[in-house]
Structures are given as structure tokens and as C-alpha cells.
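If you want the building blocks of each chain, they are given just below.
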Amino acid sequence: MEIIGSQRKPVHIDVVPTLPLYRSAPPLEVRLEDFELYAMDRLRVLKGIADGLSRGKKSEEMKNLADHLWKANMRHLDASEVVNKDIISHFVLRLVYSRTEDLRKWFLSMETNLFRYRLLFQRPEAQRALMAEFDLPYRVASNAELESVKEGLKQVAQSFGQPLAADVIFYKVPFEEVPELVAGRRVFIHKGYAYVAMNQVVSLVATQFRSHLSKALILTNRKWTSTIREQEKDRLTPIVEALCSSYLGPDYSQPREFAEISIKDIDQIAKSSFPLCMRHLFEKLREDHHLKHGGRMQLGLFLKGVGLKLEDALAFWKAEFSQRVGSERFDKEYAYSIRHNYGREGKRTSLSVSSRENREGSILGQRDHPGAKIVLEFSRNNNVTCKVSTLGQREQLGVKMLATINGIENEGVKAKLTLDLIMRLERGIDGNWAIVWSEVKEVGPKVVQPQKPTIQKFHKSSTSGPSGPVWRPCQSQPLPNPAHRQRGSSEIVALGVSESRALPPVERQGDASSRVDGVTPMSMLGV
Amino acid sequence: MTKEEIENGTADMEIDQREPLNGERSELNAVPDDFNANYLKVYYGKLFPHADIFKWMSYGNDGKHPGCDESYFGRREFSFTLDNDIYLRFQSFNSASKLENSIKEKCPFKIDIGPVYSVDPAKRHAYAQSGNNVFTPVEKELVFDIDMTDYDDVRYCCSGADVCLKCWTLMTIAIKVIDPALRDDFGFNHILWVYSGRRGVHCWVCDAKARRLTNEQRSSIAEYFRVYKGNENSQKKVSLTSSALHPFLLRSYKVLEEFFEGNLLSNQSLFSTEERYEKILEMIPDESITSELRGKWQDNKKSSISKENINVDRWKHVKKILKSGKQKPQGLGKCVEEIVFSFSYPRLDMEVSKHMNHLLKAPFCIHPKTGRVCVPIDPNHCEEFDPTAVPTLSKLLEEINMGGLGTDDDAEWDRTSLGKSIRFFRSSFLQPLLKSCKEEIENSYNAKLQHSKTSLTW
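Chains as they are written, first to last, in UniProt numbering: chain C, 1 to 527; chain H, 1 to 458.
By construction, these hints were calculated from the structure, which means they are not laboratory data.
Computed from a predicted model, the values in this text were never measured in an experiment.
A few of these clues could be false.
[As the list claims (entries may be wrong)] Below, a list of computed lysine-lysine pairs in the BS3-like style, where the Cα atoms sit at most 27 angstroms apart:
| no. | chain 1 | residue 1 | chain 2 | residue 2 |
| --- | --- | --- | --- | --- |
| 1 | H | Lys319 | H | Lys98 |
| 2 | C | Lys233 | C | Lys223 |
| 3 | H | Lys209 | C | Lys215 |
| 4 | C | Lys57 | H | Lys354 |
| 5 | H | Lys453 | H | Lys176 |
| 6 | H | Lys166 | H | Lys319 |
| 7 | C | Lys105 | H | Lys354 |
| 8 | C | Lys191 | H | Lys98 |
| 9 | H | Lys209 | C | Lys172 |
| 10 | C | Lys191 | H | Lys354 |
| 11 | H | Lys176 | H | Lys166 |
| 12 | H | Lys334 | C | Lys154 |
[What the hints assert, rightly or not] Estimated spans, in silico, between C-beta atoms of each pair:
| no. | chain 1 | residue 1 | chain 2 | residue 2 | range |
| --- | --- | --- | --- | --- | --- |
| 13 | C | Leu164 | H | His125 | 31 to 37 angstroms |
| 14 | C | Leu120 | H | Gly295 | 48 to 54 angstroms |
| 15 | H | Glu278 | C | Glu145 | 47 to 53 angstroms |
| 16 | C | Ala144 | H | Gly295 | 16 to 22 angstroms |
Cβ coordinates follow ideal geometry from the N, Cα and C atoms, glycine included.
Bound-form chain H, shown alone:
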């Protein structure tokens, strides 16, 4: 691709969010706030952590240990989305430098990571002729994709592709529900949460055990997490049929309740207008209760309660009347839980998790619409994460420009606001992961040696 092509291709690129000019921008180093293939080239050249991605995707199979599988990284599918939506699938690389060179040369707008196949995906056609279906995915991280657009019926601050700090709470809740369950219930340790660049989060579970799950096992985990079963037409999105909650849901409910009552109620003004509270009343299957509440709230309108309290107060009414116990019909009590679940429980894109061969965008990509980097999120401090403060491509370039020339080229990223993210990626995810990969390789190698020894003596 020539340089002209790159420039022409991005001339009409749409930008969703333009950041307001701040002080820094007016300086000489200012970079126009546009997503642009030329900037992307600089980003891939100076900032993108190629080596870290390679180390991660190698899972310890780096050729240093006699027990490691040297073909491993080369069987991984990468796919590049180039300018003009040209989509290159089944790219594979057998070394870190080949990966890096290809990314720098092709300058993909988006890099997706696919499964590790039984054979090099670039040579799949050669194997296809043997007819025996040898080209098949064998490993892939267990992934989750949570997208804000799936929450459009429970957020009033934004809709569609937009997010703000108010609705980002929903993503925080999702991390706080899914992450502990992956660790405590399923026993996974190497979990990476990543901001998807615009309006959601991705989760990569990288334990060896997780990478080798079959599609059926992946589905079962996704189903385990699924509570939300409604569609836009059904009144009840969440139906908790059983009399008591499964321990996982019980634990999650504590998180949900805290955020629902402490945050969503007033930040999303769930009860502030008739239209909004009617939506909640629809979920209560008892006419007498709903009309009682309705009557109360309609009168309430006249009396002047501060807007802040109206949501909290009305929720108190709902809870009080549903939990009062004098209600004859069984199951009304769990309506409270159902409402909380409907408005806050994570909504997973099930298909992404269910299949081994589903591709997912690589961390540290730049989202072409927002220009933001897909940075890792620390699940232990996810409530501090602010999607609107994530570094953008243009901001990073400004920071590079400000740094000037002459300094050590390798650590350029460290002086930018990306440094924090890369350091976090290494220290809390990559290093522990590689440590356990090495141990695993060592162990299986020793076991193999032991085995061959015994079979020799015999």
C-alpha cells in the first residue's frame, strides 16, 4: 500500500467523539485529533507492545526449554482489518519479528486474535487436500464480550455507541460479577480484562485449562453466567424461577444490589418519570400492588421531593410492599431481585464465548472510531476506570513529540500515558502467566522423560 492510498483512505473517516481542546493542544506539539493511518504507523512503530503480545501468545513456548512446542505461536490465527475494510484472515507468524514486521508493514486498523489451529493456518489449503479435516482449532482463550449496546433498555444517559461515566457503571458491575466467579468458581487465575475501545469490555481467560475447553464446555460456562433471557418484547427480562438463588447468583446479587441502590437508581433516574417507573411496574405481576404504587407516586408528584430522593424513595416503596410478606401470591418477593437483575446483571454476547473459533480484538489496538487504545482494566480497581480518560492515539503522539529526540528508543512508550497500561499488563498479567506456563512445560517434560525412562528400562 502506498502512502497516498493510506491518506486517501482515511480522509473520510468518521470520528465519533472529538475531544475538546485543552491547554496542551495549543502547544507546538499538538496533533490534530483525528484517527489517521499515518499516526497508526507511528503507534505501531514506537508504542505498540509487539514483544509482549508475542510472549503472551507463545505461552512459554519460546524455544528456550526442550519441552516446549516451537510450532505453537505459528499455528495461531491473527486477522487484520486494513483500511477500506479489507479483511485478511488466517495470518500466521512463526516469530516475534515476523509478527512485528507484518503489523508495521500492513498497519492494520484492527488486529483480531483467533484460535491456535492443529496446523499452520496459512497453509490450511495444503492440508485440506488430504481430506481428513486436519485443519481444526485446538486452543483458544475463553473470551467474553460485553457491549453497552445490549443495555440500551436500562440506561437513560446515552444510547447506542455512546458511553459516559454514568452508564459505565454497568461495565464495572459486569467485571465485578464475572471476574470473581471465574476465579472462585471455575478456578481460573490468568484473566485479562480489556477496554474494547469504545463501549464495552473484553475478557480473556488464559489458563491452559481454559484454552483447551471444548465448545460444549465453553457454552456451559456462558450459560452458567446467563440470567438475562428476555428480548425487547417480553416484559420480564429475568426470570428467577427457582425458589432460592444459586450461590453464584446470591453472591452476584450482593454486588448488584449495592450498585443498583447506591448508583444506578439515582444516576439513571430509574423512577423519575411515569414512563420509567411504568417499565418497572410491568415486572410486578400483581395488579393490586402496581395500582397502589402508581396511585402513591402520582399523588407524590404534587408534593415537592427533591429529584435526588425520588428514585430512592420510590424504590423503597417497591421493596417495602413486595417484601412485606403479607402478599399471598408466592414469588412476589423475588420480584425485587428480578428488577435488580434486569437493570444491572451483566449481559454477555453469548456467541463470542461459546465457540473456539471466534475472533476477538487484540488488546492495545486503537479503536478506529474513537482513537482510544484498548487498554487493560484492573479488575480489582475497575470502579476507578474511566473510559473517557483512556489515552487516544493523538494524545500519545503529542506525548512522543513532547519527549523530543535522542532518548533511548526502546522505552519510548514509558514516557507516554500508555506506560501505565503496559506496566500493568506485564506485572499483573503477563509475568504470572508465563511463570505458570514455564512450570507446566517443565512438569509435562519431566513426566515425559520419566515415562520414556521407565519404558526404556522395561
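Here chain C stands alone, though its shape is the one from the complex:
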């Protein structure tokens, strides 16, 4: 594959009806621009698949999701370019993701998944044609062979509740080639050979695809370290190195006229529309009149992103900070970084809201990251005592806390409940955090006093809550928490609604005790 700087001489390869297998790089010339853009489009598809998988979608849902993602991102105005785009983007990402073990693993897994889902949409003839293209050395089991293992084949078919059709073609394949069919006991295995029915060929081809790609990635990596990186130092290398960490969410760097906020509304908006993490920072600032560097950077850029102008920002920060450090010191020490955020100082590049890079460094580098903050918030404002421990990872955060709720009081009935709350936060493809999974377990004794008829109700419902402990917001709500998605843009969603989705433990609580009238734990937990 050649990459040319400006001129483009499209070389059309024959449009193949089936899926490309990416066996070798095509003799194409690619514009530098397309090199990057195509790759980003494909990356959106792969990240979408990764996202879907991490949300535990079923295979049928995943198949449709992959189809949808593919159609949304991999189109091309020129129909004849569609296949080229597919191939080019694959090879670019192969280069990008060949560089470390982790990257290779991720890419291998996602590309294989994508291939499998696309393959499932092919007609059987096309699947068979692909098998031929792979030149798989498998042969169709002869009738005599089938006769000898007929009983086993019949039993396997029955184990899926299907009768064995008379005219099914079976391939005789070393069992190593179809690990997933073996693992699921979905094939008959005899003397080292698996008998793979025609309709299971997808698995066979996908395994083959995977092993080819796996080897190719190693080779690509060698090529990259030995020659390409150095040769392309000034041209492709920067692109390649930046691509895998590029931020693919909406672009907040361009100010939008409809999303402009002024200082006087800011409190109101913070309350109603800020994502939790930002609201926390905001309230912290109002409370302490100070934020550490990372927090200033994060909130500052966020405020810029949602449309706070530089002048207003300076006034806003000054109003807060001067209460603590005095206005003179603010002008000297802090104003610079705010102007810097807006591209008025230093390199004069306008920073945009939390690109992936920024976030990783700043949020996770800090002692109190968003997950923990949200939790601490509960503890402070409400009668909830929390023990917070975090299991931070790169893209995921786990928050585990022990909460004792002892403030539920109604008509003289007091209740105390110790809960073990576990939630997992993940960053979605748009770069924002959302709670994707949570679990509530009752760990401590419930103390309810004094006995009253209403207790029965409360008692019952609060045990029924934790009995079904796993709550997956993604099943009802496939996108990340909308509260995190909208950053003060026009589509402002009432936070109350969206948060109740994102905070299952709270919702459980709400469920449990909303029947005890007058008590709304939602408000109790500060939502």
C-alpha cells in the first residue's frame, strides 16, 4: 500500500462480492487524509463493538449492532470505493494496533468479532465461497464416514433440539480449528476430528481469520519497529501513534452559538444539567473556593466547552479564588492557566474538553476521581456513611462502598440498613463516564424500630430489592448515561430522570421505601 501526499490516482481493484479477507495489502495509493479518516471510521465501528460486548449484549443484538455501526460509519459516496475503504482502514489500523501486546489483543478480538458478524449476514453460498478463498484444507466427510458416526451426529443435533437432516454437509476438521464449537459441545468429535455442519462454518472461517490476523499482526509489528517507524518519522508515524488513543466523541472544541451560558445562570444549570462529576467539582469549588490543578483544568475546560466565555470564566474563577487567596494572587498565579485553556497563552492552542489523553492523565492521576467523588457526595449530604475503595483501571473504574443508611424515618419508624454497593463505571465511545453496572447487597442487619404495621411493608420491599442484585442499565438504556453525554448543549435532559437510571442502588432504595410515604430516598441521596 502506498501513501501519496497530494495527488490521488485511484486504482480500482475488482469489487469482490464477498468479504475481504485482508490477506495482503492491496496495491493502492491512498491520500494521507483518507489514511486517517478511514481509519477513524473503522475505529468507531470497532469501539462500538467493544462497547456493546462490554455491556453484555447477546449475540443477536451484537450482530445487528455491528451491522448498524458498519452501515453508519463505513459508507462512501463512491460505491466503488466502499471495498477500498474497508481494506485501507483495516490495514491502517492493523499498523496502529500492532505496536503493543495489549493493542494487538484488542484489535484481534474486535476485528474477529466484526468479521464474524459480517459473515453472518452473508448468504450460505457466500460463506462457502469464503471458505474456498481461505483455501481451507478441510474436506467434506464422505457418506461412508458419516455413516460410521451417524449416531453421534444425531445425538448432537438432538442436543439442540433439532432432528438430523438427511442431506446436511459435514466438514471433517481437526478439533483445534473450532475451539468455540468444542467449548460449547456443539459438534460431534471423534478421534481428534470435529464434524462441522454447514451452518457452523462461520465459526470455522472466523477462527481461520483470527489466526491469520494474529500472525499478520506480529509481522506488521516487526516491520513497524524495524523500518516503517523510522522511515515515516515525519509523515505517518505521528498519525499512527496518535490514532489508537484518539478521541472519537463529539467535538466540543468549536463553540456553538446556541450553547452559551453566563455567570448568572451557572448555579442553576449546574444543578439541573451538569454531569455528576462536573457538578461535584463545581460544588466543591463553591464550597472551598479552591480546586487543585487537575480539577481546575477539568472544570475549566468543561465550562469552556459548555459555552462560558473567557471573560466570564475569569470573573467566575476570580470570584471564587479570591475569597481564599485574594484577587492579587489569583491574577498572578491562576488567571494564566484559565487564559491558557482558551488558547490565549503559551502555545496558544485552544484546548478542548477532555480528550481521551487529557482525561486519562488528569482524572485517574488524581487522588479523588469521579467515581469516588459521586460516592463521597452521598455520604456528605445525607445520612449515609461510606467507606470508599476504588479499583481504578484505565478505562474502567470500580467503586465499592459500604453504606449505612440510618436516616429513614417516618411516623416514628426508624430504619437502619447497611448496604454493600458495587458499581462499575466505564467510559463510553464518546469519552464520557457512565455507570454501567451495579450491585446492591445487604450486608448488615436491618434495624427497624419500633414495631409498627407499616414496617412490614418496608421490611418486605427492602429485602425484595437486593434479592435481584444485578442491575444493568444498558439493557434498557443502550447508550451511556445521557447526563454525561450532554455537556450543556441544547438537548438538556432533566438530570433527575437520567440519574435515576444511572444510579441503580439509589433506584433500588427508592423502590424499596417509596411505599413508606413521605420518604424519598432519591432526595435523601442527594439526587
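Model the placement of chain H on the given structure of chain C, informed by the hints.
Just chain H, lined up with the frame of chain C:
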């Protein structure tokens, strides 16, 4: 390590099972029934089959054939657990004598066998600097580890580390289910079953094809064998979702059924008390049936049936009512199978099998807690295997002492009760294995020659 250190280190060693003194013990040759580093030194010096282990781990790459890979054995990781739990990983040896000398010198309480790496594991740091991840496992036997502790909820005779002949049946069943499947389904031939020294069995599948399986392929085999999916909290440990059983499970069920009905029912007294039969009734999702059975059995208590029969009879009731066919809800029939599977199907330690770089204790080690030798088990006669009759270190030393001095040093093991095990290891495992290894080396060498010839003429 000095001699004093060795003695001091073992002074507080715990011994789980002390064998009762028998007649022999009172003789002059009696050796105190303790596990002791000094005895271990004698064992490694006179009895441990170093050469056989070397031959096995070389897989025919012994330098005698021009086609063999002389670096092969040297890239194998051994790891030693010394006294005081000092753990030495990444030991490697490029000859039989180096292996033997190191074992004799270090006198490890436990020897583990790891994978064959791409490069000599002892020199891995040198390669690590090149940064290209060249140090990676390339071959390892497919192994299985079955441990009795995983069965604690279905055995009533012992618990934890203890085993007796009654619960050992569960291990016999495991061998009888896994071994034929490895041979008939997966087509493996060179399979070694080993007593783990205390409460379980290990299985080594040594075919060339098995040694080269990727982690993913290993997982798939382990998953193929996995039926048991429960944990202590879920009522159903085994869920046979599909309407009919896969041929492998069907075949296994025949074994399970035989042992369940013929052995476990009465030996484990599965239905003898209310607590025990309630556990089985929990697995039947139909209230009316369970209450019917419960009623029957509670009345039954008064009438005097012999204890032997109570388990068998009650199981008959369960089977009769579940299989009678008049049951409307679908799937109640398979409850019988689910119960049998739950109480007898092998429970593998999945992680051991799934990864190439998992280490496993070498055969013929001595278990430091029991003093018993990890001897091979003949899968064809595994029901005859008695873990409580496996030779212990002290028994072997007594036998050596009795033999006296002066005889040919090489065959000392042959006069002890270990002789049988070593002979079995050689004749049923090692010799056939090496034969096929030689053939394979020969074939690939010839193919290479052929290839280079044709490329030369061209």
C-alpha cells in the same frame, strides 16, 4: 544448605496422617514415620527415577537422531519448592545429569514442571532486553487437576484434605469419564494419570498435538468437560439445558449412573438423613413432587428399613416419580440426570488446564504432608487404586534398609514397592510415547530432507 538447616527446617513439619504401626515397623529397619529432608535426600539419591523423567521430558530429542532438537529439554522450566517454602522458578537443565545433580543437591520438597519456552528460561532476562517478547511458552502438556476439596458438598465421609476409599470413588469416576473422552473424542494416546499425593489426581496429555495447543484450544477442551457450573449458593450445580445430552455426556452418564447407584448412594448415604435428602429435593423444581416425596420419607422413618436400603429405595422413589411421564412440566425428567451429574461428575480445576504456563507437580514427587509418592495410576484399572496403600517415604526407606548392602545399586528401586509404579510408568507410558516421538522426528526430518533436495535440484 547445610545439614543442620535441613534438620531444623523440618523439625516442625506437620504430618497429617500417621500410619498405625504394623508388624514391620517394630523391626530393626523401622524408620520413624516422618517426612524429613534427610529421607528425601536418600529418596532422590536411590529411588527417584531421574533418567525416566529426563527421557519423558525430552520427547525423543536426545541427540541421537540428526533431526532432533537438542535445545528442547534445556528450554523446559522446572521449579523447586525448597524447605521453608523457598520457591525457585525458571530452573533449566541441558542434560540428564545436570537435572539429577541439581535435584540431589537442592533436595526440593516439591518439583513442578512448567512449559517449554522459546528460549532457555534461565537466560530469560538476557532476552528480555531485546524487548521483542521472545521469551514465551511454546509447548506444554495438556494437564488436568482434579482435587477432592472441590467435592466437599457431595461427600459426607471426609472433608477438606482428607480422603478415604469411599470418596476416592469420585476420583475413579473422574478418570473413567475424562480418560476415554481424551482418547476417543480428542484422539490423544499418551496420557499419564498420577496420584497427586494427597487428595486428587493429575492428568498429563503428552501427544505432540496436545503439547502445542494454544491457550484458546486448551480452554475449549476444558470447557468441553465442564458441566458443573454452580457455586455453593446456587441450588442447581448442574444445569442440562438442552433437551438431549451431547454424545460425550451421554456416554459419561452411563459411567456416572453405574457408580452413583452402585456405590455413592449407599457409601455416601445420600438419602439417609433429612438434611441430606433435602439437598437433593432442592434440585427438583416442582413443589408437588418434593412434598409428596418428603411425606413418604417422613412416614418411612417409623417403619424400620435397613439402613443399607434406605438410600437405594429413596432414590428409586425419586426416579420413579420423575420419570413416570405423567409430569406436565417439561424437563422434570432430566432432573434425574442433573442429580446424578451433580453428585458424581468430575470437577476440574479449569485454570490449570486453560493456560500453557501453568505449572504442575511432577510425578514421583513426595507429598510433604502425607509422605506419599505421586505414583502413576493405571486408568484401565483405576478402580483398584487405593490412595491409602500408596508407598510412603518412610516405608520405602525401610524396604531399602531391609534389602541390605552390596546389591547392584541401579536397581534398588526395583526391590521396593515403588518398583511396580516405575515399571508401569515405563511400559505403559514412556516406551510407547518415545516410540511415537522417534517416528515423528524421523518423519519430519525426512520431509525436510526431501524438501531441501527438491529445492536444490530446482
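Hint check:
1. Lys319(H) <-> Lys98(H): violated, 60 angstroms
2. Lys233(C) <-> Lys223(C): holds, 14 angstroms
3. Lys209(H) <-> Lys215(C): Distance of about 20 angstroms is within 27 angstroms: holds.
4. Lys57(C) <-> Lys354(H): Within the cut-off at roughly 25 angstroms; holds.
5. Lys453(H) <-> Lys176(H): violated, 48 angstroms
6. Lys166(H) <-> Lys319(H): holds, 24 angstroms
7. Lys105(C) <-> Lys354(H): With Cα atoms ~18 angstroms apart, Lys105(C) and Lys354(H) stay inside 27 angstroms; holds.
8. Lys191(C) <-> Lys98(H): violated, 39 angstroms
9. Lys209(H) <-> Lys172(C): holds, 17 angstroms
10. Lys191(C) <-> Lys354(H): holds, 21 angstroms
11. Lys176(H) <-> Lys166(H): holds, 16 angstroms
12. Lys334(H) <-> Lys154(C): holds, 19 angstroms
13. Leu164(C) <-> His125(H): 31 to 37 angstroms: Since the Cβ atoms of Leu164(C) and His125(H) sit about 57 angstroms apart, the hinted range of 31 to 37 angstroms is violated.
14. Leu120(C) <-> Gly295(H): 48 to 54 angstroms: holds, 52 angstroms
15. Glu278(H) <-> Glu145(C): 47 to 53 angstroms: holds, 50 angstroms
16. Ala144(C) <-> Gly295(H): 16 to 22 angstroms: violated, 57 angstroms
Consistency note: the structure conflicts with the earlier hints numbered 1, 5, 8, 13 and 16.
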